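Those sequence lines, one after another, are chains H and G.
Residue 85 in this note's numbering sits at position 85 of the first sequence; the count goes up by one each step and never skips.
Residue 146 in this note's numbering sits at position 146 of the second sequence; the count goes up by one each step and never skips.
Calculated directly from the structure, the hints in this document are not laboratory data.
Computed from a predicted structure; not experimentally measured.
Among the hints, a few may not be true.
[Unchecked claim] Straight-line alpha carbon distances no greater than 30 Å define the calculated DSBU-like cross-link-like pairs of lysine-lysine that follow: (1) H/K327 x G/K299; (2) H/K327 x G/K327; (3) G/K223 x G/K246.
Number of protein chains: 2
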Amino acid sequence: MRCEVVAIGTELLLGQIVDTNSSWIGEQLALTGIDSHFQVKVGDNLERMEFCLRQALERSDAVICCGGLGPTQDDITRDAIAKVMGADLQRDEVIVEKIRRMFESRGRTMTDNNRKQADIPVGGRPIPQMPGTAPGLYCPIGGKVIYAVPGVPYEMREMMQEFILPNLQERSGQKAVIRSRVLKTWGNTESGLAEILAEEINVLDEKGNPTLAFLASGIEGLKVRITAKAEQENEAEKILADEEEKIRNILGDVIFGIDEQTMESVILDKLRQDESSLCVAESLTGGVMASRLTAIDPKMETFKGGVISQTPFEEERGINRAIYAAKDAKKTTGADVSVAATLPHPSEEKSKGTVYLAIVIGDQEHTDEVALPGDRQRLRNYAVISLMNYCRKLLA
Amino acid sequence: MRCEVVAIGTELLLGQIVDTNSSWIGEQLALTGIDSHFQVKVGDNLERMEFCLRQALERSDAVICCGGLGPTQDDITRDAIAKVMGADLQRDEVIVEKIRRMFESRGRTMTDNNRKQADIPVGGRPIPQMPGTAPGLYCPIGGKVIYAVPGVPYEMREMMQEFILPNLQERSGQKAVIRSRVLKTWGNTESGLAEILAEEINVLDEKGNPTLAFLASGIEGLKVRITAKAEQENEAEKILADEEEKIRNILGDVIFGIDEQTMESVILDKLRQDESSLCVAESLTGGVMASRLTAIDPKMETFKGGVISQTPFEEERGINRAIYAAKDAKKTTGADVSVAATLPHPSEEKSKGTVYLAIVIGDQEHTDEVALPGDRQRLRNYAVISLMNYCRKLLA
Chain H
1 MRCEVVAIGT ELLLGQIVDT NSSWIGEQLA LTGIDSHFQV KVGDNLERME FCLRQALERS
61 DAVICCGGLG PTQDDITRDA IAKVMGADLQ RDEVIVEKIR RMFESRGRTM TDNNRKQADI
121 PVGGRPIPQM PGTAPGLYCP IGGKVIYAVP GVPYEMREMM QEFILPNLQE RSGQKAVIRS
181 RVLKTWGNTE SGLAEILAEE INVLDEKGNP TLAFLASGIE GLKVRITAKA EQENEAEKIL
241 ADEEEKIRNI LGDVIFGIDE QTMESVILDK LRQDESSLCV AESLTGGVMA SRLTAIDPKM
301 ETFKGGVISQ TPFEEERGIN RAIYAAKDAK KTTGADVSVA ATLPHPSEEK SKGTVYLAIV
361 IGDQEHTDEV ALPGDRQRLR NYAVISLMNY CRKLLA
Chain G
1 MRCEVVAIGT ELLLGQIVDT NSSWIGEQLA LTGIDSHFQV KVGDNLERME FCLRQALERS
61 DAVICCGGLG PTQDDITRDA IAKVMGADLQ RDEVIVEKIR RMFESRGRTM TDNNRKQADI
121 PVGGRPIPQM PGTAPGLYCP IGGKVIYAVP GVPYEMREMM QEFILPNLQE RSGQKAVIRS
181 RVLKTWGNTE SGLAEILAEE INVLDEKGNP TLAFLASGIE GLKVRITAKA EQENEAEKIL
241 ADEEEKIRNI LGDVIFGIDE QTMESVILDK LRQDESSLCV AESLTGGVMA SRLTAIDPKM
301 ETFKGGVISQ TPFEEERGIN RAIYAAKDAK KTTGADVSVA ATLPHPSEEK SKGTVYLAIV
361 IGDQEHTDEV ALPGDRQRLR NYAVISLMNY CRKLLA
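Bound conformation, chain H alone (with noise of 0.2 Å):
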């Protein structure tokens, strides 16, 4: 099974906007086990969307097409499928009704412009889930098939997720439910995990069901997805849990999350449940830790906030800079657990890439010291993931 990716937009090519949703779509597809050779970026341009829709749809056997489905006159990725399928346009009325609806319940009026989003290609039909006011779409030719998907990536994700997915995977020859699971861990590498699951990989590779696929995500770990099918939904789902329990046995607290859950998310979800709060200090991290803390926590709730400073702690060396930050932050902010990553002052003689790390909760002071990769700003970044994953070994 092969799938190719069609990204649409001018403003992709003009670098306007980075094209992310390709690489997702690509995680995702190479996570579902489904290659994939080929990405293309192309404008909003009639006769060249539709030259690439038709290469991708004769290299490959699916073809996920990603924005252009809004209402504007740019908006023409339905008719540029249209053409490719020698097919017409016609209006769903009841996608009319469900847009007008989402424009109802949010206070506005829909304008005419917005009809044209429920035109579907005569023998396509909309992608059931529809999160936003732009359907997706469903559109067999032949053998193969094309999928389109709105560039507004939580649209787009949910569609993928819960329909093309699954439908690439019953495409691909299998009949039966299929479903998986994507456990994330940090703190191996994929040598490492690989022997580490050496032998359950084995017995799986005898049994066939479910399969294991591992997917590097850089600096935020490695990812293994579990897949697994079934004839019955809670049969899937009963292999996947029981997969996940027995793959938890074997790789213990490596594994910070499933799915759609980050670091971060991992420990405000904690901190939430114990009714208890974070706050940072900041020195190396500069700001990092914050900006990914108030993005999925934006009033602040579980994050207190903290303090960005290269001073506080400038007295102190060794271990005690980073228990010194963590509890200045920790005063600061009133919150009850802080944590802090600093450099080695420059008089101390460590090798480079040293960062202390430092975590007080309560009155309990937490501390280690890790030798970490890269330049300035990649150490930053292993520095903020280094001490969130300390963070949440801590808590759990």
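Mind docking chain G on chain H? Use the hints.
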């Protein structure tokens, strides 16, 4: 003149790396007035790379090929280009020597693998700029050309700016020296700028040299590129300088910087010059300002950090919230200048998107109330750039 971008690397298809290089190259091409209709990502597979290069060369006049110039087995861009050219690879001993010296200067020994990087398709030549160990390639084919640049961003950028963009401009029929400068603006729309500059654009249209191009960069503002041609470099630079002055006279302080400058680099440069220092009070902005500032001032020499909190100004209402926050951070850090952006208190009857800005410089308080668009995440980013722009103007 049409130019396509082919990004090479299986890691791009798998979503392990987001392809920001193509976006950047796309923007540079647009600013240089070169059309780019397609961008393709392809994995490290000789046959598929060859296919993509041939196709790109067929529909465009030039192809920029990014990535796959490293020393490992995966790095086969050289081979793919040689195949397209129908040429052999020949080792360039001058380049081997250059690479050897580069390793030596870093106290390392060149491995045999690295020699491979000096293989050049016969008929092509290395790009003169070589900031890393991977030489770029300039490979004319008939009347067309393939350029190859490494995937390492700073290496790619230097080759693009110093060699490829001028070379493309010369190939587009111009024998002259071509130089350009980007003026970065913030606070006006594309149509607004075009209107203000209408008269000057008319004058330039008639003269034909220099030329102006506009490019939107989303939340970071709008860029105006001046491109000048002349027989000699110093003439071209003179034309650029004269035109920059004219446009600065027309646009005034909407222009915040040129070329590689950013809003935050301009602020920090100015403060450094004044031997002054900066701190931030982040509530709405949640650490984003600090992370941008520490990215370019990691040792926090001019940027002194700040406070991330929702609480110190809890009791305040209206613009006092931002003033209180800014003063609080100033007191905590001892910096000369403090900036803050806050939301109104929930009890205030303010329209959605209202943001209070306060900047304290010494004893002087400066405040503004702005209405910003978007959901929480966008509002936050708009608040960051609005506040930084306000700060820049006050410091000027």
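Status of each hint after checking the structure:
Taking the CA atoms of H/K327 and G/K299, the gap is near 21 Å; set against the 30 Å cutoff, the hint holds. Annotation: proposed proximity of H/K327 to G/K327 holds, straight-line Cα distance about 23 Å (limit 30 Å). Restraint check: the Cα-Cα separation between G/K223 and G/K246 comes to about 16 Å, which is no more than 30 Å; the hinted pair holds.
The structure shown violates none of the earlier numbered hints.
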